[in-house]
Amino acid sequence: MELVYLSFILILAIFLGFELIQKVPATLHTPLMSGANAISGITLVGALVGAGSEGTTLTVILGTAAVAFATINVVGGYLVTDRMLAMFKKRVSK
Amino acid sequence: MELVYLSFILILAIFLGFELIQKVPATLHTPLMSGANAISGITLVGALVGAGSEGTTLTVILGTAAVAFATINVVGGYLVTDRMLAMFKKRVSK
Amino acid sequence: MQTVILINLSYTLAAVLFILGLKFLSHPATARRGNILSALGMLLAVVVTLLDQSIIDYRWILLGIVIGTVIGTLAARLVAMTAMPEMVALLNGFGGISSLLVGWVALAQPDLSNFILLTIFLSILIGGVTFTGSLVAWGKLSERISGRPFLFHGQRQVNALILLANFMCGVMFVLYPAQPLWLYLAIVLSATLGVMTVMPIGGADMPVVISLLNSYSGLAACAAGFAISNNILIVAGSLVGASGMILTNIMCKAMNRSLGNVLFSGFGAPSGDDDKLEGEVKSLSAEDAYYILEAAQSVVIVPGYGMAVAQAQHGVKELQELLEENGCEVVYAIHPVAGRMPGHMNVLLAEADVPYDLLLEMDDINPRMETFDVAIVIGANDVVNSAARENMNSPIYGMPIINVDYARTVFVLKRSMASGFAGLDNPLFYKENTRMIFGDAKETVNKLVREFSA
Amino acid sequence: MQTVILINLSYTLAAVLFILGLKFLSHPATARRGNILSALGMLLAVVVTLLDQSIIDYRWILLGIVIGTVIGTLAARLVAMTAMPEMVALLNGFGGISSLLVGWVALAQPDLSNFILLTIFLSILIGGVTFTGSLVAWGKLSERISGRPFLFHGQRQVNALILLANFMCGVMFVLYPAQPLWLYLAIVLSATLGVMTVMPIGGADMPVVISLLNSYSGLAACAAGFAISNNILIVAGSLVGASGMILTNIMCKAMNRSLGNVLFSGFGAPSGDDDKLEGEVKSLSAEDAYYILEAAQSVVIVPGYGMAVAQAQHGVKELQELLEENGCEVVYAIHPVAGRMPGHMNVLLAEADVPYDLLLEMDDINPRMETFDVAIVIGANDVVNSAARENMNSPIYGMPIINVDYARTVFVLKRSMASGFAGLDNPLFYKENTRMIFGDAKETVNKLVREFSA
Amino acid sequence: MTLIAIPNETSTRDKRTAITPENADKLIRSGAEVLVEAGLGSGCGFVDEQYREAGARVTDKLQTLLAEADIVLRVHKPTVDEIAQLKRGAIHISYLDPFNERALVEALKDRQITAISMEMIPRTTRAQKMDALSSQASLAGYVMVMQAANRLNRILPMMMTPSGTIKPARVFIIGAGVAGLQAIATARRLGARVTAFDTRAVVAEQVESLGASFLKIDLGETSQTSDGYALQLTPEQLARQQQGQADEIARSDIVVTTAQVFGRKPPRLVTRDMIRRMLQGSVVVDMAAESGGNVEGSVAGEVVEVDDVIIVGSGNWSGQVSRDASNMYSNNLFNLVNEYWNAEQKTFELDLDDDILCGCVITHAGEIVNESIRKQYA
Amino acid sequence: MTLIAIPNETSTRDKRTAITPENADKLIRSGAEVLVEAGLGSGCGFVDEQYREAGARVTDKLQTLLAEADIVLRVHKPTVDEIAQLKRGAIHISYLDPFNERALVEALKDRQITAISMEMIPRTTRAQKMDALSSQASLAGYVMVMQAANRLNRILPMMMTPSGTIKPARVFIIGAGVAGLQAIATARRLGARVTAFDTRAVVAEQVESLGASFLKIDLGETSQTSDGYALQLTPEQLARQQQGQADEIARSDIVVTTAQVFGRKPPRLVTRDMIRRMLQGSVVVDMAAESGGNVEGSVAGEVVEVDDVIIVGSGNWSGQVSRDASNMYSNNLFNLVNEYWNAEQKTFELDLDDDILCGCVITHAGEIVNESIRKQYA
Ligand SMILES: NC(=O)c1ccc[n+]([C@@H]2O[C@H](COP(=O)([O-])OP(=O)(O)OC[C@H]3O[C@@H](n4cnc5c(N)ncnc54)[C@H](OP(=O)(O)O)[C@@H]3O)[C@@H](O)[C@H]2O)c1
Ligand SMILES: NC(=O)c1ccc[n+]([C@@H]2O[C@H](COP(=O)([O-])OP(=O)(O)OC[C@H]3O[C@@H](n4cnc5c(N)ncnc54)[C@H](OP(=O)(O)O)[C@@H]3O)[C@@H](O)[C@H]2O)c1
Ligand SMILES: NC(=O)c1ccc[n+]([C@@H]2O[C@H](COP(=O)([O-])OP(=O)(O)OC[C@H]3O[C@@H](n4cnc5c(N)ncnc54)[C@H](O)[C@@H]3O)[C@@H](O)[C@H]2O)c1
Ligand SMILES: NC(=O)c1ccc[n+]([C@@H]2O[C@H](COP(=O)([O-])OP(=O)(O)OC[C@H]3O[C@@H](n4cnc5c(N)ncnc54)[C@H](O)[C@@H]3O)[C@@H](O)[C@H]2O)c1
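Protein chains in written order, with my numbering: chain X, 7 to 100; chain E, 7 to 100; chain B, 17 to 470; chain R, 17 to 470; chain W, 4 to 381; chain H, 4 to 381.
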């Protein structure tokens, strides 16, 4: 039954993803991509559970690596996006 | 846990509903309203379960009434919408 | 278990069909297809539901479906094309009562959590409001009830009281589900609320009300969905609830109202109160103006010196063409002293290639001003200054002006409230049916033009 | 149970923040706010996850987070502004590998159903492709790897083989989860696939590739979400997957490519093959043309008799203004014999109030034609007929023409493939960088204008 | 019953007429009796028959016409002789040039004529429909540019042709009042590059609203009267203006001057030196040639060539398009009479407190009632 | 070394010149020697000094100039006298009117001159840069409308003013070739309502592309030559056309006729009867007045008044804007010479197989080489 709900959620989220992005000015292409990339770092949440759970050494190592990689993605992603957008603002206000 | 999924679904569906309707030409206002109204007849599904389940006389009566009303809404709604849209097509192609 | 999964996967598919249906319904070219898709979704949902193992008795279901189908088909076939809106209101009301009943039936489930009780109450409340509200709307539209707003002193207070009572009733209902009193009271109160909120609204505003009630009926279905833990009710109901809200908003804009007004009723107040509104300036965004123009059948454009300053003539011409493509009649009304030299407007409009036949003199346009849905004043001021007609003390009293204020709605495109050449205040800007669209005229016109994208 | 519900309600909120974040990110005025909202959502999701009862050991987590934060912060701070795209590629790759690892860890869960195994496989496959693909993209952009497309004979066949092997491996993986061979094979194969699909693509097309890989990494997270039954991974992952797909599509259009080409690679093929394409006419919709114009820095407009026939001059002027507002340089190139009388174009463009300074003579424009991103030919034909330059047998051989084909992209707005006054075929229409936008010039121009809405 | 009489114009150069058959008809409908001299309007295409059809009487005796009239309508000022023939107390409406025609004003006063000067109609929004200065100036602006374009050895628009590119002609308009603005519009229509200058700063926006550019010259403080007329410049300001516009004049193909200062001689703006710098075959139009001239060397009523530049000073500009000019002028007169027409008594109701009449009635009941004129001759 | 000589024009009415200093310069740069007669171009603002600066020799001896020249460039046809002074084998490029000037053509042939007629340049896309008929006709279209507008007693644009609304003038253009189209554009620019008619059906779209409307008259079968010239109508067709346009003419303020039939007399399209129906003061311009006339009553080279309608037949239209006309004509000549210039030998390379030269070279080496002329005089 859980899977049913999850697939419902999947479908709705996909439709929503399609509808959300309609027309993006060229200057925003890269920041938007980068921002979305940061969101895809959500896999960090999965990694946390993996790294923190009781498990074999292997899973802990893998989990920790996953956490590290995902954190890079998240932290770096948001910061980079913000830097780009900050520059963009300046350019517009000029 | 089920409720959690359901509210997830609710939120996503609401956002999707907001995003779906963006700009509607005036001529489509009434048909769209009518079409949406037909969809809201989905309560028929709930009514079916109610009317068909084992229960007291009261629930069966209520359920049957619910089925009848919802069916009117659904059948009438789709047919009326279709009639309006058929007329609309003609007018446009003129 | 397998059937449950099958049913729910089918529900997912039905939800997709509803989503596509709504999306398609909002574009002229695909609207009919959209309706069919959504009907297919409904069929699918209904059919797979019948496989539900908790359904053990099909007789009553069959009875209900047969009755509903016959009535629904007949109603849809027989109703006159002109009576469509009231038909929709009626159907919507049936949807509402159905949700109410589903909620009621859900009460019979064992082990109701507080949350479920709450959603049951909500489905009864919203369903009830939708039901009686829709019936009143139907009555008003079909003129079974007077279309005039029904108003009395202390109305606000009474309504607030009913709302409060409803709220209290809800609390009691959740706390003491076994006591039927609260159930019956909830039904009665919500029915009353529906009547009381729709009665004060005038017949002309009914389409907006119906759209709102339609959104409500979606929410009612959604609440019912929670009450019986059913995905498809939640998804379809909230889709309709949300998109109905947006549609209501769009329709409000097209009628030059705000959604706030509608949600908290009391809008479409009788005109008696309005004279006191003088002194209040209502401004409008270009986007909202678009909705009104999009729905207009006839538009008169009144250019003035500001059009020249902004060099907006090309955009104006384009706007004219777009309106015409949209099936609207457009003419220009040229005041003899508009601009800063004789024939100023002619020079500009000729440059923009506006056909001469569309340029009407003041004396030709004024007698038929009432027939225009919208008058668009583009950077004119003195030539539409109603003080010349109304205010004996005005230095320009007696000068003939273009009576734009007689049109149903007036848009005034200028940058500020500043006066024009003659340096005079303009009472037009404060009229009930006037909307100021502030900003450079060219920019505003271009924004309007862009709003008219497919 | 209470924490689970709390966590999941927080996830719901985080999902809302992601949704709003994405929505805001796509509008210039709100983009920064959007990014912050989505970061808040992430923070919320991470923090509440730490409350999860299945997490019993925080040391490793802390370690991972510290390492990641330090590297991520440094990278984001230190990278040069110009190196942003490759930075994004690299970060994206890390997201991919992380999903792969999460999938791998999930294998350790007890009682894995086939479906869960499938999603684990998918998260490994997609995560792996994302990882190596992103690394290659990063290498190409930072010129650590040659930006030139890497091509060899039989490439298609080899790739098909890898894909097939992957598929087989997946089947085996689900059937024999206990056998680690399949796991390792899956990792290796998906890594190879990532490299093989990105290598053949030229450096100039990398932004599109990164956007696509970004969409993939969303899908990988989504698959990982299924693998560990986690809502927020599914929602956020599929949001990114879907919106990334749309963004990729938009970016493709801005670069005048099709999404199909990208998805099935092999696009950006070397130009050696293209000469054979002569004889094929590529047409474009006004909407797709908009994306290209929106990204253009410099545009030259070449009007001809068709502009006069369509009376498109006013729309052309408006398009010019919109392009200029968008930061693009626009000039007009007027061929001396364009139209049907001397000075025909001048009459029309003066009517539309195009400044004289923007009208360039053929001899002034031709030498700098290469510098233009887009040349828009509006209803001209003979005056841009490249046969006059290329075909010694043409009756107009030797006549100077406007060399629009030297611009990066050429749009030709006309109704059909019909010839012009001189009755000659025009090889321009068949060139690699030419796109025909069929239809009445005025309508096409107006469509373009309308696409330029905020 | 009020008798409105319209004599022929005595000037042979000007073909305009004061009342068209259409307006004669309207006057008669509002209850007046209309008497016209035979041959009225023949210069711009009207015939006696049309006036008769409208219900007017046609006479060929000027003397009885003048003697009987309660109201006389005409374009140009009367002669002193004619004034003597008017009925005492009659109303006479026409151009008068009251600032410069002392003898005339005195004669009108002495004969107890109520004389309304069309030049003196205030430039207010309400009075615009009677404002003949505006209506005629507007036509003048058109005519001046057309005449200049016709005499220029170039074309005005730009043409990119296989036989080379012709650059658009440059036109410079000095003074952007009613005539100047219309001149700008006409030159722009023909595709010229137009620049304009005026001492009143508010005009810059108006010039730009017609798509022309405004020449910026820093003159220091300038201002305008409440009626919107320019004030005279100081000699120092004038010098600055001349200097500021010299280069623009030198590169212009056509220069049109329309500068006036209400109640004074027009300023001398274009000097011989500037003309010498212009290209051979260029054209200068001096709107004010007849009242003193903005341009050095212009000759009232004539077209002359100075240093290979053609200077047009023909004057009587709106008379060149006599048909439209007559229609407009006649409408102005009708609107004036109609505004003060007492529909019951069918008479012209003279209210000297009315802000329009107060500005334009010069003499009444043996007095000079207009203040500025009284001051002028005090 | 090739000597290119340019004598003064003998016509005093036409101020155009065949070569401007700018083009003299270009010719010299491509390696020719240029000799001009003193005073060349003085009619349109050029002085000898400018030619000298460009590197040309200036002489005041016409005789030596003609005798020495390898190539003579000019606007108008030479006299038979002048032909006799030319060097045998010289090239002479100018208008020639070869269909009507038999004596001239014979003289050129006999003197073994290579005579190129500017009228005979084919109307192909490639030849447009040398096509003087087009360049001059285009200017003529502008000038005709400007002259008509200047003589009309109305203004052309619409004006909605406090003094009444002036309706836009109606302009009817007959013949929408190069000149007609430019006339349409000019009248439209001035704000007139423009209607046009032409026998060639393809022209309708071109007329509408300029914002004017096309008058539909059903003439049955009409067609055009491969060069785009109209063919002569049958008498019956002509009658139908006259009938179809009579009403349009009657309500027009300005009628401009530009109808030509290549190699024949222009058709008579506007009759006295039609003119009589026009409003007093209207204007008719007959482009073809000098070669026979489209309008009954037009007088070549003059402006006459017939039935109170002004008929302009002044001719020499492009000469009115002599500066621009000279620039364009001179560019045409330069482009022609340049097209066939052998840069190494610095000579004009005559290739009678070339499709442009084949059309416009009339006589060569003592023969009439142009086929249609040969037929005409056979
Ligand atoms: N026709 C003639 O011959 C003539 C000659 C001289 C004087 N006049 C007088 O001029 C007046 C003409 O009346 P009118 O209604 O045309 O003009 P107006 O009364 O002068 O009003 C023009 C309005 O346009 C607005 N405006 C200016 N620039 C704008 C821009 N870029 N975008 C949007 N709005 C702009 C101004 O308001 P904001 O500043 O708030 O934007 C102003 O209130 C009459 O009083 C008339 O008597 C006429
Ligand atoms: N300038 C002069 O003085 C003059 C005089 C006479 C002849 N010519 C000749 O005319 C030609 C001018 O070249 P050009 O490139 O300007 O014109 P062109 O070669 O005649 O081509 C015009 C093109 O415009 C297209 N068109 C027509 N109506 C249209 C509409 N409503 N919307 C979109 N497209 C439309 C037509 O294609 P579709 O039918 O497919 O739409 C046609 O191919 C030269 O050959 C020149 O020699 C020039
Ligand atoms: N209220 C109305 O409806 C209305 C109607 C018509 C005119 N007006 C106003 O009346 C005023 C006068 O118009 P007019 O055309 O009769 O003016 P005008 O004939 O008196 O003068 C013509 C122009 O010459 C300018 N001028 C004076 N000295 C100059 C100098 N040294 N250099 C350059 N320019 C110089 C003046 O400023 C004026 O613009 C204007 O402000 C006009 O807007 C108002
Ligand atoms: N290929 C080129 O680049 C080029 C250049 C210039 C001109 N042309 C073409 O050459 C052709 C001739 O142009 P032109 O201006 O020299 O023509 P023209 O001077 O020979 O004739 C003028 C016009 O009069 C029309 N006409 C003839 N008889 C008529 C009648 N009875 N009623 C009404 N109109 C009548 C003709 O159709 C023509 O349009 C046109 O087709 C033009 O497009 C082509």
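Errors might be hidden in some of the hints.
Claimed, not checked - Here are the simulated lysine-lysine pairs, BS3-like style, with alpha carbons at most 30 Å apart:
id: 1; chain 1: H; residue 1: 29; chain 2: W; residue 2: 170
id: 2; chain 1: B; residue 1: 298; chain 2: E; residue 2: 29
id: 3; chain 1: W; residue 1: 29; chain 2: H; residue 2: 29
id: 4; chain 1: R; residue 1: 298; chain 2: X; residue 2: 29
id: 5; chain 1: X; residue 1: 29; chain 2: R; residue 2: 447
id: 6; chain 1: E; residue 1: 29; chain 2: B; residue 2: 447
id: 7; chain 1: E; residue 1: 29; chain 2: B; residue 2: 463
id: 8; chain 1: H; residue 1: 349; chain 2: H; residue 2: 64
id: 9; chain 1: W; residue 1: 90; chain 2: W; residue 2: 349
id: 10; chain 1: E; residue 1: 29; chain 2: R; residue 2: 463
id: 11; chain 1: X; residue 1: 29; chain 2: R; residue 2: 463
Hints in this document: simulated from the structure, not taken from any laboratory.
Now for the hints, and whether the structure bears them out:
Between residue 29/H and residue 170/W the CA atoms are separated by roughly 20 Å; this keeps the pair inside 30 Å, and the hint holds. Between residue 298/B and residue 29/E the alpha-carbon distance is near 24 Å, which keeps this suggested pair within the 30 Å criterion. Straight-line distance between C-alpha atoms of residue 29/W and residue 29/H comes to about 68 Å, which puts the hinted pair past the 30 Å bound. Between residue 298/R and residue 29/X, the direct Cα distance comes to roughly 24 Å. Compliance with the 30 Å bound is thereby established for this hinted pair.
With a C-alpha separation of about 29 Å, the suggested pair residue 29/X and residue 447/R falls inside the 30 Å cut-off, and the hint holds. Of the supplied pair hints, the one linking residue 29/E and residue 447/B holds, its CA atoms being roughly 29 Å apart against a limit of 30 Å. Between residue 29/E and residue 463/B the alpha-carbon distance is near 15 Å, which keeps this suggested pair within the 30 Å criterion. Between residue 349/H and residue 64/H, the direct Cα distance comes to roughly 25 Å. Compliance with the 30 Å bound is thereby established for this hinted pair.
Annotation: proposed proximity of residue 90/W to residue 349/W holds, straight-line Cα distance about 19 Å (limit 30 Å). For the hint pairing residue 29/E with residue 463/R, the CA-to-CA distance comes to about 17 Å; that is within 30 Å, so the pair holds. Between residue 29/X and residue 463/R, the direct Cα distance comes to roughly 15 Å. Compliance with the 30 Å bound is thereby established for this hinted pair.
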